[in-house]
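Peer 1: Just so you know, the protein sequences line up as chains V, Z and B, in that order.
173 is the number that the numbering used here gives to position 173 of the first sequence; each next residue is one higher, with no gaps.
212 is the number that the numbering used here gives to position 212 of the second sequence; each next residue is one higher, with no gaps.
73 is the number that the numbering used here gives to position 73 of the third sequence; each next residue is one higher, with no gaps.
Treat the hints loosely; a few may be bogus.
[To be verified] Below, a list of computed lysine to any residue pairs in the SDA-like style, where the Cα atoms sit at most 20 Å apart:
{"#": "1", "chain 1": "V", "residue 1": "87", "chain 2": "Z", "residue 2": "319"}
{"#": "2", "chain 1": "V", "residue 1": "87", "chain 2": "Z", "residue 2": "412"}
{"#": "3", "chain 1": "V", "residue 1": "34", "chain 2": "B", "residue 2": "106"}
{"#": "4", "chain 1": "V", "residue 1": "64", "chain 2": "B", "residue 2": "167"}
{"#": "5", "chain 1": "V", "residue 1": "35", "chain 2": "B", "residue 2": "171"}
{"#": "6", "chain 1": "V", "residue 1": "35", "chain 2": "B", "residue 2": "213"}
{"#": "7", "chain 1": "V", "residue 1": "34", "chain 2": "B", "residue 2": "166"}
{"#": "8", "chain 1": "V", "residue 1": "35", "chain 2": "B", "residue 2": "50"}
{"#": "9", "chain 1": "V", "residue 1": "87", "chain 2": "Z", "residue 2": "322"}
{"#": "10", "chain 1": "Z", "residue 1": "173", "chain 2": "Z", "residue 2": "186"}
{"#": "11", "chain 1": "V", "residue 1": "34", "chain 2": "B", "residue 2": "218"}
{"#": "12", "chain 1": "V", "residue 1": "35", "chain 2": "B", "residue 2": "160"}
{"#": "13", "chain 1": "V", "residue 1": "34", "chain 2": "B", "residue 2": "171"}
{"#": "14", "chain 1": "V", "residue 1": "87", "chain 2": "Z", "residue 2": "295"}
{"#": "15", "chain 1": "V", "residue 1": "34", "chain 2": "B", "residue 2": "133"}
{"#": "16", "chain 1": "V", "residue 1": "34", "chain 2": "B", "residue 2": "167"}
{"#": "17", "chain 1": "V", "residue 1": "35", "chain 2": "B", "residue 2": "188"}
{"#": "18", "chain 1": "V", "residue 1": "87", "chain 2": "Z", "residue 2": "326"}
{"#": "19", "chain 1": "V", "residue 1": "35", "chain 2": "B", "residue 2": "198"}
{"#": "20", "chain 1": "Z", "residue 1": "239", "chain 2": "V", "residue 2": "64"}
{"#": "21", "chain 1": "Z", "residue 1": "173", "chain 2": "Z", "residue 2": "325"}
{"#": "22", "chain 1": "V", "residue 1": "34", "chain 2": "B", "residue 2": "170"}
{"#": "23", "chain 1": "V", "residue 1": "34", "chain 2": "B", "residue 2": "46"}
{"#": "24", "chain 1": "V", "residue 1": "35", "chain 2": "B", "residue 2": "63"}
{"#": "25", "chain 1": "V", "residue 1": "87", "chain 2": "Z", "residue 2": "187"}
{"#": "26", "chain 1": "V", "residue 1": "64", "chain 2": "B", "residue 2": "169"}
{"#": "27", "chain 1": "V", "residue 1": "35", "chain 2": "B", "residue 2": "170"}
{"#": "28", "chain 1": "V", "residue 1": "211", "chain 2": "V", "residue 2": "223"}
{"#": "29", "chain 1": "Z", "residue 1": "431", "chain 2": "Z", "residue 2": "117"}
{"#": "30", "chain 1": "V", "residue 1": "34", "chain 2": "B", "residue 2": "137"}
{"#": "31", "chain 1": "V", "residue 1": "35", "chain 2": "B", "residue 2": "130"}
{"#": "32", "chain 1": "V", "residue 1": "34", "chain 2": "B", "residue 2": "195"}
{"#": "33", "chain 1": "V", "residue 1": "35", "chain 2": "B", "residue 2": "133"}
{"#": "34", "chain 1": "V", "residue 1": "64", "chain 2": "B", "residue 2": "121"}
{"#": "35", "chain 1": "V", "residue 1": "87", "chain 2": "Z", "residue 2": "431"}
{"#": "36", "chain 1": "V", "residue 1": "64", "chain 2": "B", "residue 2": "124"}
{"#": "37", "chain 1": "V", "residue 1": "35", "chain 2": "B", "residue 2": "132"}
Keep in mind the hints are simulated off the structure, nothing from the lab.
Okay, here's what each chain looks like letter by letter:
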Amino acid sequence: MRHLLSTGDLDRDQATLILDTATELAQVGDRSVKKLPTLRGRTVVNLFYEDSTRTRTSFELAAKRLSADVINFSAKGSSVSKGESLKDTALTLQAMGADGVVIRHSASGAAHRLSHWVDGSVLNAGDGTHEHPTQALLDAFTMRNRLGTLAGLRVAVVGDVLHSRVARSNVLLLTTLGAEVTLVAPPTLLPVSVGTWPCEVSYDLDAVLPKSDVVMMLRVQGERMNESFFPSVREYSRHYGLDGERLGRMPEHAIVMHPGPMVRGVEISAEVADSPRCTVTEQVANGVSLRMAVLYLLLGGS
Amino acid sequence: MPDNHGPYLIRGARPLGGDPVDLLLRDGTVAQIGNDLEVPEGVQVVDAEGLIALPGLVDLHTHLREPGREDAETVETGSRSAAMGGFTAVHAMANTHPVADTAGVVEQVWHLGREIGLCDVRPVGAVTVGLAGAQLSEIGAMADSAAQVRVFSDDGKCVSDALLMRRALEYAKAFDGVVAQHAQEPRLTEGAQMNEGCVSDRLGLPGWPAVAEEAIIARDCLLAQHVGSRLHVCHVSTKGSVDIIRWAKERGCDVTAEVTPHHLLLTDELVEGYDPIYKVNPPLRTEEDVLALREGLADGTIDVVATDHAPHPVEAKETEWSNAAMGMVGLETALAVVQRTMVDTGLLTWEQVADRMSAAPARIGRLDGHGRGLSESGPANVVLYDPAAPVDVDGTAMVTKSSNTPFRGMTLPGQVRATFLRGVPTVLEGKNA
Amino acid sequence: MGPLVAWARSTSFNVLFSEAGKGVITLRAQKPTASESGGTSGAQAKVPEGTRAVLDGPEINRALTRVAHEVLERTKGGHEVTLLGIPSRGVPLAQRLARRIERVEDLSVPTGSLDITMYRDDLRLAPARALGRTEIPDGGLDDRVVVLVDDVLFSGRTVRAALDALGDLGRPRAVQLAVLVDRGHRELPIRADYVGKNLPTSLRETVDVRLSETDDQDAVLLGPSRSRAGSAGSADQEVDS
Chain V
1 MRHLLSTGDL DRDQATLILD TATELAQVGD RSVKKLPTLR GRTVVNLFYE DSTRTRTSFE
61 LAAKRLSADV INFSAKGSSV SKGESLKDTA LTLQAMGADG VVIRHSASGA AHRLSHWVDG
121 SVLNAGDGTH EHPTQALLDA FTMRNRLGTL AGLRVAVVGD VLHSRVARSN VLLLTTLGAE
181 VTLVAPPTLL PVSVGTWPCE VSYDLDAVLP KSDVVMMLRV QGERMNESFF PSVREYSRHY
241 GLDGERLGRM PEHAIVMHPG PMVRGVEISA EVADSPRCTV TEQVANGVSL RMAVLYLLLG
301 GS
Chain Z
1 MPDNHGPYLI RGARPLGGDP VDLLLRDGTV AQIGNDLEVP EGVQVVDAEG LIALPGLVDL
61 HTHLREPGRE DAETVETGSR SAAMGGFTAV HAMANTHPVA DTAGVVEQVW HLGREIGLCD
121 VRPVGAVTVG LAGAQLSEIG AMADSAAQVR VFSDDGKCVS DALLMRRALE YAKAFDGVVA
181 QHAQEPRLTE GAQMNEGCVS DRLGLPGWPA VAEEAIIARD CLLAQHVGSR LHVCHVSTKG
241 SVDIIRWAKE RGCDVTAEVT PHHLLLTDEL VEGYDPIYKV NPPLRTEEDV LALREGLADG
301 TIDVVATDHA PHPVEAKETE WSNAAMGMVG LETALAVVQR TMVDTGLLTW EQVADRMSAA
361 PARIGRLDGH GRGLSESGPA NVVLYDPAAP VDVDGTAMVT KSSNTPFRGM TLPGQVRATF
421 LRGVPTVLEG KNA
Chain B
1 MGPLVAWARS TSFNVLFSEA GKGVITLRAQ KPTASESGGT SGAQAKVPEG TRAVLDGPEI
61 NRALTRVAHE VLERTKGGHE VTLLGIPSRG VPLAQRLARR IERVEDLSVP TGSLDITMYR
121 DDLRLAPARA LGRTEIPDGG LDDRVVVLVD DVLFSGRTVR AALDALGDLG RPRAVQLAVL
181 VDRGHRELPI RADYVGKNLP TSLRETVDVR LSETDDQDAV LLGPSRSRAG SAGSADQEVD
241 S
């Protein structure tokens with residue numbers, strides 16, 4: 001494996017290997033010395049064109065736990081903000097000897113483009129409305145930890161699927177791993193060709209909840225209202241928000257996930273967000289182990 | 001011009017793919033057509049055995065970029081490129097800087113074309129001032145200028161205001177002009193990056209739905225019929241558009257339409273790798289659309305093939321998809337793509353190719369001296385094409401100043417060997433003369 | 001008409017696709033499997049062609065029993081001992097030793113596993129490997145006498161990596177090493193405290209330890225060098241594991 005651009009590039013064995021590796025590496029966080037020498041002498045560049053403190057920090061911590069040298073290259077205050085093209089930035093990183101580039105970019109496909117311009121490995125840390133593979137992997141990792149298996153697991157993904165890179169990566173990965181995905185959203189927030197995706201679609205959250213082992217809530221930006229995707233935040237919340245009452249209609253073992261950052265009071269109520277069945281902080285912790293696994297598998301070998 | 005004015009005797013060419021004959025080109029006209037013509041004193045002989053002779057091609061839709069973006073193309077490099085593709089006339093689109101919305105700008109472009117002399121450059125005038133879609137440009141002044149503009153278009157932008165479109169259609173009638181519409185409903189395509197469908201949904205790129213083109217075409221056909229004007233539809237790209245135009249023609253609307261070579265061959269699945277070389281407006285569509293476009297061109301619903309030759313500098317394409325410019329170069333590959341998609345598939349004869357790429361576009365553009373076929377005493381605008389000379393497409397080897405060809409890496413079946421503009425070769429032995 | 005569209009895709013789309021996909025071809029772990037490292041394809045093929053058994057099942061049992069007694073003697077009853085097997089075959093060996101000690105002394109010995117993959121000095125020589133399990137018994141390693149258990153001692157590099165890994169996990173009072181086979185050819189100043197069998201070998205030979213827990217039979221096989229060039233994954237097994 002040279003790059004991680006899309007979860008669609010992973011077959012079942014590859015995805016499972018990543019999760020298994022993350023399981024082993026999760027122990028490192030509990031040790032007295034939270035560091036492994038594996039990537040000593042390797043350089044990882046965090047190239048972030050969008051602000052995302054949580055994802056950047058997670059990658060940074062993961063790389064440092066593997067003893068890699070980490071350089072944070074954010075768009076603000078750098079040559080990028082002076083108009084340097086992505087290609088020139090890529091060539092600069094190349095010249096500096098970056099072994100791995102973690103890229104977050106507002107343009108779908110930016111990670112694909114970058115992979116053509118650098119020799120090192122490219123890790124897609126979120127590209128536009130395309131994909132966010134490590135988020136989906138850490139979500140799957142969290143589900144497996146909590147519920148034991150992914151095969152046959154019923155996962156509802158609720159919210160702004162149309163603009164969600166998390167949803168795209170999750171549908172591809174979870175399907176590969178044998179889970180059954182149902183997308184739940186108003187029709188305006190679903191892609192037009194969603195009928196061809198390998199998942200079920202519903203407009204009715206209440207009908208899906210009792211049949212779900214996992215309910216993954218996606219962030220809904222209030223500004224979508226101004227683009228007529230839904231009439232009002234209140235109406236959205238009434239139909240697609242997860243509150244305590246709806247939580248009560250989920251099976252007892254079922255968990256609530258959210259990739260963060262949450263918008264409390266829109267897609268998720270404070271009561272649900274703070275419930276022990278909500279895995280948000282666990283997802284963050286798992287993110288480090290999972291990203292260590294990906295960095296090791298991409299950069300650790302020949 | 002160098003001293004290559006001829007006369008020329010073309011030996012053994014096959015006019016419109018028919019039986020081999022000789023053609024004598026003298027004083028700008030086809031002086032004689034026949035078998036085993038004698039070689040008069042001082043005549044240069046061109047051995048054209050096995051080559052197909054077609055009337056010089058006419059492009060209704062070319063972006064020459066001058067004035068303003070001479071880094072991408074100039075009237076000179078664009079003329080050379082056109083000649084290499086077998087074109088003897090091109091219509092230079094109005095979206096230059098400054099916009100071709102006054103007699104001054106269109107005359108400048110027309111003069112440049114004349115001076116270079118490799119291809120007749122007929123400027124297209126903007127429909128609205130600055131392509132802004134707010135106020136009609138001086139259509140009459142451009143029509144009456146030396147450039148004699150007959151095609152008016154805001155190409156790149158849609159004349160989306162229905163009332164303004166109605167007025168433009170009506171007003172242009174006084175000058176025998178035609179409004180060439182870039183059919184794209186703007187609200188439905190805000191931020192659009194590629195065809196809306198399975199591929200765009202998978203790639204997370206904002207979609208450009210077919211309905212945004214079809215809705216405008218339907219509206220404009222109804223408007224044109226209502227006011228009794230001519231309408232031309234640029235770069236038709238969807239099956240639904242073909243259906244609507246077929247319906248409009250049946251009910252008597254004076255509408256013509258064009259399709260680009262790239263929409264006849266390529267599909268949106270090419271976008272999978274996010275290489276902006278495949279970014280174009282309107283976007284590459286689906287296989288179903290491609291097949292419908294071929295059928296529409298074959299049955300005459302679509303009247304012409306127009307290149308929408310849109311050169312861009314390298315940096316406009318070597319970037320993230322959403323930041324990249326839309327457009328593809330196409331002059332030098334047009335005929336070979338038409339052979340591949342329409343002739344080799346049995347959908348068009350070479351005679352019909354001559355209609356779709358020469359006669360019909362000249363007629364729509366009211367372009368005298370072009371599109372009149374190959375007949376004795378007709379203008380000596382001739383292209384000699386080898387349909388059995390496969391070529392590996394390489395944008396950097398092209399004559400155009402830019403290299404953004406989507407056919408890069410493909411093998412196309414034929415090559416232009418010679419182009420004559422009024423009896424003077426602009427291309428000979430596959431090179432600019 | 002149809003084939004032309006397909007042609008367009010096969011000419012360009014596939015190229016793009018293979019470029020996009022080329023990053024994923026070698027992700028699969030190079031974990032040596034029984035069939036890779038031994039060439040035995042079933043239980044019947046006890047001794048594959050070209051190899052000979054230098055220890056059979058009963059001999060392995062006797063060697064482990066002796067090592068168990070030696071451990072008890074050297075550690076004065078084994079009360080502070082923690083056994084850590086190095087995956088993959090060191091783990092069942094450590095468990096077997098623990099059972100023998102339990103039988104002899106009625107003493108339950110904390111037993112776990114210590115994966116050394118992340119500490120290897122040859123990671124760059126092969127695609128990234130799948131990790132083995134690390135399980136540190138409750139109570140940790142501080143002030144314990146840790147006995148590392150592996151199947152074959154060869155260059156000593158695995159043990160070096162294991163010592164590094166141990167240092168990150170705690171501070172044992174002492175670290176000792178038990179191996180089933182010592183085949184010589186050390187590249188580092190490392191020796192075993194307990195050896196099941198000293199086996200003089202040539203560098204060109206291979207030593208394969210098979211255990212019923214992982215390979216359906218107990219045997220130590222000596223074979224000629226495999227000439228599978230570039231097969232770093234299987235070379236790993238006999239270089240040092």
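Peer 1: Tell me, in ascending order, the numbers of any earlier hints that this structure violates.
Peer 2: Those not satisfied are hints 2, 3, 6, 8, 10, 11, 14, 17, 19, 20, 21, 23, 24, 25, 28, 32, 35.
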